[in-house]
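Please model the complete structure; the sequences and the hints are all you need to start from.
Protein chains in written order, with the working numbering: chain V, 224 to 330; chain H, 24 to 298; chain B, 2 to 558; chain Y, 23 to 355.
By construction, these hints were calculated from the structure, which means they are not laboratory data.
There could be a bad hint or two in this list.
Straight-line Cα separation of at most 25 angstroms, BS3-like style, residue types lysine-lysine; simulated pairs [said to hold, decoys possible]:
| no. | chain 1 | residue 1 | chain 2 | residue 2 |
| --- | --- | --- | --- | --- |
| 1 | Y | K292 | H | K203 |
| 2 | B | K492 | B | K12 |
| 3 | Y | K279 | Y | K300 |
| 4 | H | K203 | Y | K279 |
| 5 | H | K262 | H | K135 |
| 6 | B | K279 | B | K426 |
| 7 | B | K156 | Y | K129 |
| 8 | H | K155 | H | K136 |
| 9 | Y | K300 | Y | K156 |
| 10 | H | K197 | Y | K279 |
| 11 | Y | K129 | B | K64 |
| 12 | B | K492 | B | K279 |
| 13 | Y | K208 | B | K64 |
| 14 | Y | K285 | Y | K263 |
| 15 | Y | K208 | B | K156 |
| 16 | B | K426 | B | K492 |
| 17 | B | K495 | B | K426 |
| 18 | Y | K109 | Y | K156 |
| 19 | Y | K263 | H | K197 |
| 20 | Y | K109 | Y | K129 |
| 21 | H | K184 | H | K162 |
None of the values given here were measured: they were computed from a predicted structure.
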Amino acid sequence: MAGHGESHVHPVSLYTRTLWWLMALLVATVVAGYIPNVPNWLGVVIALTIAVWKATIVIMNFMHVRYSGKLAWLFAGAGFFWLLIMLAFAFADYVSRPWEPFNGWPE
Amino acid sequence: MSVQELQKTATLEHTADGHHHSDGILGEQFETLEQQNTSYLIGMWAFIVQEVLFFGAIFTAYAIYRFKYVLEFTLAHHELSVPIGTLNTFVLLFSSYTMARAVRAAMQNRHKKQAFYLFLTFLFAGVFMVNKYFEYSAKFEHHLFPGGDYSAHAVVEHAQKMGELREVEENGQKFYELGKTRDGQFTAFKRVTPQEFEQRTRLFFGFYFVMTGLHGLHVLIGMIIIGILIGRALIDHAKNKPVADFMPVEMTGLYWHLVDIVWIFLFPLLYLIGR
Amino acid sequence: MTTTTYTGTDKPNYLNWKTSVASWLLTYDHKRIAILYLVSISIFFLLGGLAAAMIRMELATPKGDLLTSDVYNKMFTTHGVIMIFLFLIPSIPAVFGNFLLPLMIGARDVAFPRLNLLSWYFFMAGAACVLIALFRGGIDTGWTFYTPYSSSFAKGEVSLAIVGVFLAGFASIFTGINFLVTIHKMRAPGMTWFRLPLFVWAMYATSLIQVLGTPVVAITLLLVAVERTFRIGIFDPNLGGDPILYQHLFWFYSHPAVYIMILPAMGVISEVISAFSKRRVFGYHFVAFSSLAIAIIGFLVWGHHMFSTGQSIYAGIVFSFLTWIVAIPSAIKTFNWMATIWKGRVHWDTPMLYALGFMGLFVIGGLTGLHLAAMATNVHLTDTYFIVAHFHYVMVGGAIMGYLAALHFWWPKMTGRMYPEGWGKLAALLVFVGFNLTFFPQFILGYMGMPRRYHSYPEEWATLNVLSTAGSSVLGLGYLLPVIYLTWSLKYGKVVTERNPWGARGLEWELVDTPPDPHNFERTPIVTRPAYDYNHPEEPTGFVPKPRPVVVGGKDG
Amino acid sequence: MWNFPLVPPTASKEGADISLLYWAITLLAVVFGGIVLFGVIYLAVRYRADNNAVDRSNATESDLRVELAWTIIPLILALVIFGWATKLYADIYAPREGYYEVFVIGKQWMWHCQHPNGVRENNILTLPAGRLVKVSLISQDVIHAFSIPAFRVKRDAVPGRYNAMYFTPTKPGEYHLFCTEYCGTKHSEMIGKVVVLPEDEFQAWLEKGGQGLATATTSMGGGAAGGGTLTLAQQGEQTFKALGCNACHLNPNSAVKVPDITKTWGGEIKLADGRTVKGDEAYIRESILNPGAKIHAGYQNLMPPYQGQVSEEQLVQLIAYIKSLAGDSGGGK
Ligand code: HEA
Ligand code: HEA
Ligand code: CUA
Ligand SMILES: [Cu+2]
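Dropping the structure here:
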């Protein structure tokens, strides 16, 4: 953030490259969704991995976090980190509750 | 730092940005444009943090139910159209790109180019909303909106056709078996009453409408802001303004990318998994 | 004092330089917005207090004779919702945070003045929704809105009240965002992080919670409203949902929210104790970091509200453990405040009385929190009057004592008038005595098992309840007094023209007029000293004002 | 005037343990509260501004050693009590064996209690002294909480699933019973009493079918007991037949291959997906309401779900019956 300021203009190629990546990942995620006989949990893992990947490059390149100061990193990270905390602690209850009727994953 | 040094840097900052003041860009509470711009950026990021947790809470709830009712949700997933979803993702990703280009043009003070890219972004957002409109209407038509006349009928019918649901009757009681047909052989994973099935798919569509609805609202708000920015860019162009404040565009850009990111997660979680 | 004290009623200040109603309602000035908030939350406090008076009156006798049970249920819901969402959460942050933050760090305003005004409008819109919901029959869900009662059973305008809380929540988020950025980016040259007054540190920690926590409760409550309308079933087991999930999401915010209430008060106490002991706060760094520690660890303990719900025992153990850990930073603060008084020059003025009261009462509240943090005792005490006593000790005995300390301490700065000291001391005494009389018996009642949210109770508990009710009228009087004499002082109080009537340290006392100039500082100060530099009385000010940059355009558009 | 209680009666084994912990924490609070309260007053008086007779030299403004001291001492105390409290909690609330089990169903606004031998009581719960009791709780509508202050225990009754609590009443007598989770209009009237009888009187009471004593409606809103001659398990057997479960289960001629439900309770059940679960109340309840949720390995998912067709009361009976098949007449296994 500090130093060379926000008015730093990035080359168009950065954006085009990012766009192509996003498109490629979009295709990948749709295709992955149609692969037959993928166990349900694996499908979720694949889909989420690709989604995280896409989100990361949007944040890094379109939102310029890669080129920004520490503070932007901190804020960008904080939101997702806190979300993880919420997910982790809430799930901690659900998965360790022996009496909770959970159907689990088929196959 | 000594007092003298501090005073020196302070006056330096002051003169360095002197010319900006005449443009009226610098807010009264700020000392320098650099300070103002980074403030706005950090402020926008703080807002984004807020948004992440706002959506995050529903994502958490959704994750827990999707885990709990995986089969029912899977069948309900099938009612969402992947082509429309893919198209919308495509449109939104592309709009993120045009938005980034608009921000770039704004930084270069190329007002016309900026207006052009903003207009493209607006257009894509419009396409997204029109798609959403058709998608929503279809759901309403099939009584898949969890209001008064909700019915899982469409889900059941579809799933039966796909060979993933079987209606069985025993002791005069109807129920559904959820499973898969492979090589003409139906294997049941789970058996539910129609009433349960209705509830759980309804839960799915509840999530679907709440999540996409809130997201759609964000798109709509974004469109309004982008519309205003287009107007401002055109005025700047007409006035031949050499330097304009690019922060509004930059911040709208950040917001728009966030809306995109939310969709990046919604799309697989609602449309894709469970195919 | 070095520079001239050309303050006075003749010189324009932020209060009198414009006087039209529009100049108040459309102001971007952080100081005026603080006053707007002050007036609004004072009204809500009285409303909430009125509901409390009804509660206590009903509980004066064991039988439910004064109010019907429905009306009683609406009363404590009204009381809780108003006190929490419309009074205590905005109280110190929105009033004193707004007023003081820019002054303390040497800025001309907060980073986003327009967002600041918008925040007040959101707050008022939210308050309007809540009040309309109350006038149209009221709601009886408790301030916690537990499902499935709130989502599927409760009648009345629950959804409207939820929308109100939602809007007030966003007001709080906007304040948080504004303060975060203000503290990061608006500090005057030389105002390093470790020269910040501890109130600013406390506000920073508070803002973190506001931004990270509030959106979660906003959306969760919205889901309850959606569920009421469309019967989606997210929280209703009859529709396939899980009511415990609601509690997770609710407390993810609402536990940290109790630190939104106490951290600012702790910040105030650091200021007041230091100013009235004429001594730098002992262990500055520890006090500063303990605020952050409370804010962060405070997010990991929410499950301690759910020990008896059938939450997994393993999750319960983790939550209980972290609850014990989060008590430690509060201990650090308490002992450092004591060490600040040690070898100080203590002045027994009203703000200091409230600060001392805070220490006594907060510690009792906090220590009884430990009974609740221990799982085995929690289960016996949960949902009894022990909880009611615990949280009134921390919220009323802690947070409101801090609020009153702040109100008296900065009153001359805000208004240019001094409150009457004798009345101030009397009110502080009444509040302290009335408070203990009201809420101490509730610990005993709670241990005996008297359930909360009960509008009738067994005979044998009558005496203690009468005591509590009697105490609450003393307490009510204690609160009524400041309302009267502070209002009175606006017209008749001693005029204060000197910048620093308390001889305190801090930019707001040493460099800002009383009442402040619309633009706060004559020139942007340069800070060369740590906060609370009481050790060098021969050097009156540690700040060198630097020339103010030329500014085009005025304030308030 | 001064004749009012300040502490609740302590009438259970667990209650005594919890009281001890309670007073230990209170002692901690009194010590630390005392230090702070008197410390503050002492310091503020001693160092008042106009007192020049005190030594104010060497007034340090920070000291790492004292900071560490007042961080670490409370921390150690905190950890000790955390350990104690957690151990105690786990001992009380983790599943225990060898109990006398009662089922309690909460609904707006009454408590419905069922004994293993079929005796039912409303808003009164009669228990034997000296025996470990397990209360299995569920709600029909909103969340309630079953609280007996004299025993220092409580638990939420949550709709849709069972919660359990354990305690050992020690002293015969009558004690308050409250609903402590806010549940609507008559939350404060959802009260009753727990009657603890000496073991022999309790047996006599049970054999009489719970009559006599429990009919005494109290000012606290007691209700009539009844239920007659059938035990809970026997009622379950009738329900079992009435619902047609015996078409498949316990029927040697069944067309459907079914698991041996006499081995379900307390057993380790291998599921079709490879997991193993314990045959507890939750499993049985789920197996009846939604059998497809967990399929016993080696069997087909052919059992119809009974969701919406059996009431909570019938479920309680069925569970008692299936337990009795495994040789458990309500005391754990
Ligand atoms: C300002 C608000 C505030 C504050 C600051 C606190 C502070 C604390 N609270 Fe409280 N709490 C509430 C407001 C607050 N609480 C409210 C509103 C509820 C009820 C909500 C409802 O259900 O309606 C509640 C309920 C509540 C519960 C749930 C009870 C239940 O419903 O079952 C618990 C359980 O752990 C708890 C614990 C604590 C603890 C451990 C602290 C700690 O942070 C306290 C730390 C302070 C100290 C410990 C004192 C100073 C230290 C010393 C003097 C040194 C000695 C210390 C040690 C040896 C460790 N609180
Ligand atoms: C900031 C928070 C706050 C504050 C300041 C207070 C202040 C008070 N509260 Fe609080 N209270 C809560 C937050 C707060 N409360 C919450 C969150 C709950 C839980 C709600 C729920 O269960 O959902 C609760 C519940 C609660 C209960 C339990 C109700 C129940 O469970 O059935 C009781 C009972 O005594 C009570 C009493 C009081 C009293 C006597 C005051 C006093 O301090 C108030 C004193 C103020 C005044 C009296 C007003 C000013 C004076 C006048 C207008 C003059 C006229 C009045 C007289 C002369 C009497 N409150
Ligand atoms: Cu049932 Cu409260
Ligand atoms: Cu808490």
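Hints and how they fare:
1. K292/Y to K203/H: holds, 22 angstroms
2. K492/B to K12/B: Within the cut-off at roughly 18 angstroms; holds.
3. K279/Y to K300/Y: holds, 21 angstroms
4. K203/H to K279/Y: holds, 22 angstroms
5. K262/H to K135/H: holds, 11 angstroms
6. K279/B to K426/B: holds, 20 angstroms
7. K156/B to K129/Y: holds, 18 angstroms
8. K155/H to K136/H: Given pair K155/H, K136/H is violated - Cα atoms ~29 angstroms apart, limit 25 angstroms.
9. K300/Y to K156/Y: holds, 18 angstroms
10. K197/H to K279/Y: Answer holds: K197/H to K279/Y is near 21 angstroms, not above 25 angstroms.
11. K129/Y to K64/B: Holds - the C-alpha atoms of K64/B and K129/Y are around 23 angstroms apart, at most 25 angstroms.
12. K492/B to K279/B: violated, 30 angstroms
13. K208/Y to K64/B: Distance ~13 angstroms between K208/Y and K64/B Cα, so the pair holds.
14. K285/Y to K263/Y: The given pair, whose Cα atoms are some 19 angstroms apart, holds under the 25 angstroms limit.
15. K208/Y to K156/B: holds, 14 angstroms
16. K426/B to K492/B: holds, 20 angstroms
17. K495/B to K426/B: holds, 16 angstroms
18. K109/Y to K156/Y: Holds, because 19 angstroms separates the two Cα atoms, which is no more than 25 angstroms.
19. K263/Y to K197/H: Holds, because 20 angstroms separates the two Cα atoms, which is no more than 25 angstroms.
20. K109/Y to K129/Y: violated, 32 angstroms
21. K184/H to K162/H: holds, 19 angstroms
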